[in-house]
Amino acid sequence: MQIVLATSNPNKVEEINAITQKSGIEFILPPKCFNPLENGKTFEENSFIKAKEANRLTGMMTLADDSGLCVDALNGEPGIYSARYAETPAKRIEKLLKNLENVEDRSARFKCAMTLISPEGELLFSTVGVCEGEIAYDVKGQNGFGYDPVFVVAGKNMTMAELSEEDKNKISHRAVALEKVMNFLCK
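Add 13 to a position in the sequence shown, counting from 1, and you land on the number used in the numbering used here.
Pairwise CB distance ranges (calculated):
1) D118 - L42: 37 to 47 Å
2) T55 - D118: 20 to 30 Å
3) E114 - E27: 33 to 43 Å
4) M171 - R69: 33 to 43 Å
5) L110 - K35: 38 to 48 Å
6) L110 - S36: 33 to 43 Å
7) L110 - E135: 42 to 52 Å
8) T55 - P132: 18 to 28 Å
9) E133 - I41: 14 to 24 Å
10) L42 - P102: 13 to 23 Å
11) E179 - V143: 15 to 25 Å
12) K35 - F138: 12 to 22 Å
Here are the simulated lysine-lysine pairs, DSS-like style, with alpha carbons at most 30 Å apart:
13) K54 - K193
14) K169 - K111
15) K153 - K169
16) K193 - K169
17) K183 - K169
No lab work stands behind these hints, which were simulated from the structure alone.
None of these values were measured; they are calculated from a predicted model.
Note that CB positions come from ideal geometry on N, CA and C, so glycine has one too.
Produce the entire structure from the sequences given, and follow the hints as far as they go.
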């Protein structure tokens, strides 16, 4: 079975196919014209918007995710604006660390909302995955992307970027949400 993954990021498709490789489900990219207006106020709303748009373009079953970093001391920022917090990944991390200067409570979580839409455009399933942790004072690790080098995973004493891809794919917010989706699909 093929499911359209509502993203324009081929790396995300590759990552999800690696996690689900033994399921018999292949995730594929939507058409190049996929460019939804993510104007929701929550991860869940943006995930739904992306899934509906990919379904509209393809008429196929679609899965979308919307995810980001939520920092308690920053009232949940960067939140749904995680990818737009600054111009580049390095500048996003720089801004985050600057905003947390002299802040003791560095608790944070990665959150991922996933939405599954039927070929007919109906909501089949939605879920959320969370990975708890805190923000480091310095960048550490070479793996991953985004905020991974400054996100210390709860109970690991390592940043997400210091974990192997295999370990990350077991505990990440996206892996947690995806496991729930796969349990729904394979029941």
